[in-house]
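Residue numbers (this note's numbering), protein chains in the order written: chain A, 1 to 281; chain B, 1001 to 1281.
Do not take every clue at face value.
[As the list claims (entries may be wrong)] Every beta carbon over 10 Å from chain A, so not counted as near; a handful from chain B, in silico: (1) Ile1138; (2) Arg1159; (3) Arg1177; (4) Leu1191; (5) Trp1203; (6) Gly1216; (7) Leu1278.
[Unchecked claim] Derived list of chain A stretches under chain B, where covered just means 3 residues or more per stretch with a C-beta under 8 Å from a C-beta of chain B: (8) 128-135; (9) 160-173.
Hint data in this document are derived by calculation from the structure and do not stem from the laboratory. Idealized CB from N, CA, C, for every residue including glycine.
Next come the chains, spelled out residue by residue.
2 protein chains.
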Amino acid sequence: MKILEHPDLAYSQVAQWRQSGQRVGLIPTMGALHAGHLSLVRRSLEECDRTVATIFVNPTQFGPGEDFAKYPRTQQQDLSGLSELGVDLVFAPSQSDLYPEGFSTFLQPPAAAEPLEGIFRPIHFRGVVTVVLKLFHILPATIAYFGQKDYQQLTVIRRMVHDLNVPILVQGCPTVRQADGLAMSSRNRYLTAQQRPSALCLWKALESAKRMFEQGHREVSAIEAEMQRILKQEGADRIDYARIVDAEYLTDLQRIDRTAVALVAVHVGQTRLIDNCLLEV
Amino acid sequence: MKILEHPDLAYSQVAQWRQSGQRVGLIPTMGALHAGHLSLVRRSLEECDRTVATIFVNPTQFGPGEDFAKYPRTQQQDLSGLSELGVDLVFAPSQSDLYPEGFSTFLQPPAAAEPLEGIFRPIHFRGVVTVVLKLFHILPATIAYFGQKDYQQLTVIRRMVHDLNVPILVQGCPTVRQADGLAMSSRNRYLTAQQRPSALCLWKALESAKRMFEQGHREVSAIEAEMQRILKQEGADRIDYARIVDAEYLTDLQRIDRTAVALVAVHVGQTRLIDNCLLEV
């Protein structure tokens, strides 16, 4: 497995693969890899001739007071996991490789970035789409794989790629969960043993939303209220949102008359967790 | 010469050329072609295996009250000129091809977009870099050619390409002038016969700046004052700016102690004209 940190070298390698007609799969990550990331890698290994992963904790997507400094960095472990799976190339740039002195061009993300996370993390998606587009240019892959756990991120990236005509296919992949339902997340490492049961509140709230939906409930406010109730009851220390919105544009819904998505974001202790599930009509 | 208006078809053609190892040159234009544009096309024909021109009057780079509606559209003439020169492909999309319903992702241009034109045309460069990046994705060329007449635009595009790691070479080309010095511009068509002599004020002001610089003057404020004086004297109806700034970053200078650029923007009647010249240390 090749490990490169210079953008020009990484570009040359991927461009050469593409030039020779190979399909290249890309998995952008911030490291601290878990079973969710590895499922994306496996999907790429199945579908593509070459698989490229990136490891970069992107400073521009963290707001002031967020967890950039303490975000888990486990590069040696990450690299051996990727190597064992059979990844061809890891791109692991330094901050100054991606944001050299004088850097000043950002993307202004699409409208889907405004609600939900956009309210609580106002500069988050600006940083996400900027770094993701840079990675798409540096590593001109055929397909890029993203987890559905970050549903709004996936939606925002899809829209950015569509709006800017980026020649890459964006593939969303199912959320990987622990046995009890907790979605895999690098931030789960922050949870203490005492907090771990409370982190299940997200899954329980989403399960109850799904159950109501399957029983025929369609009124968004009633299901959202039930999600709120369960989040509180099951241990959320603070709820950022518990919403049901249009699955494609993340716009408000009164009634679930087309495919919708339920999304929750809560704090358990100092840890902020998110999760979601589709409600398909 | 092929003429395509659908982004996907245009992408397929250019990608196929690149895949087979050919160098592709790109000349993005808003049509109303003049000798300046044609010099870019000739340069590409000399340097590349395939030459692609685009014709698209980009609405997002015009502010309210600017000349989007009356901007000259001369597509038949443009196409025959390009065809005669030997251009391989013209991409001429409609507005809805590039900005379909729901479009909402823009670039936030680099710092070099803020002074000069950025003050008088606040959304201009946002529209320029957004459409240029879209064109770079739709038509993944080897080299893109831009005229130095739009010096700030060239600087902003270079910086955007660098910041976002876009895999394309940006080539600036010399301004083409009429015999008396007036820079070629699609907007020269707006000038009446009576206004035409006054349009020379830009060239005269730049020439005097150059003369002072060659005589050893280095104090920016003195040269700027002289440019202002000449612009007024020679027929400018309104001066937006007459500035000397750092040639690379367009930042302020007190003294010309490195390569600088003199830039002027004036109104002659209803017509807004710009021009510039380098002052090389």
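Okay, the hints, checked on the actual structure:
At the 10 Å boundary, the C-beta of isoleucine 1138 of chain B falls inside the reach of chain A, the nearest C-beta of that chain being 5 Å off. Not every C-beta of chain A lies more than 10 Å from that of arginine 1159 of chain B, the closest at about 6 Å, which undercuts listing it as non-interface. No beta-carbon of chain A is positioned within 10 Å of the beta-carbon of arginine 1177 of chain B; the least distance is around 31 Å. Its beta-carbon lying about 35 Å from the closest one in chain A, leucine 1191 of chain B satisfies the requirement of being farther than 10 Å from that chain.
Taking the minimum C-beta to C-beta distance to chain A, about 32 Å, the non-interface status of tryptophan 1203 of chain B holds against the 10 Å cut. Listed as outside the interface, glycine 1216 of chain B is consistent with that label: its C-beta sits roughly 31 Å from the nearest C-beta of chain A, beyond the 10 Å cut-off. Distance check for leucine 1278 of chain B against chain A: the nearest CB is about 20 Å away, which clears 10 Å, and the non-interface claim stands. Check result for the segment 128-135 of chain A against chain B: holds, 4 residues qualifying (beta carbon to beta carbon below 8 Å, three or more required).
For the segment 160-173 of chain A, the proposed coverage by chain B is satisfied: 6 residues have a C-beta within less than 8 Å of a C-beta in that chain, meeting the threshold of three.
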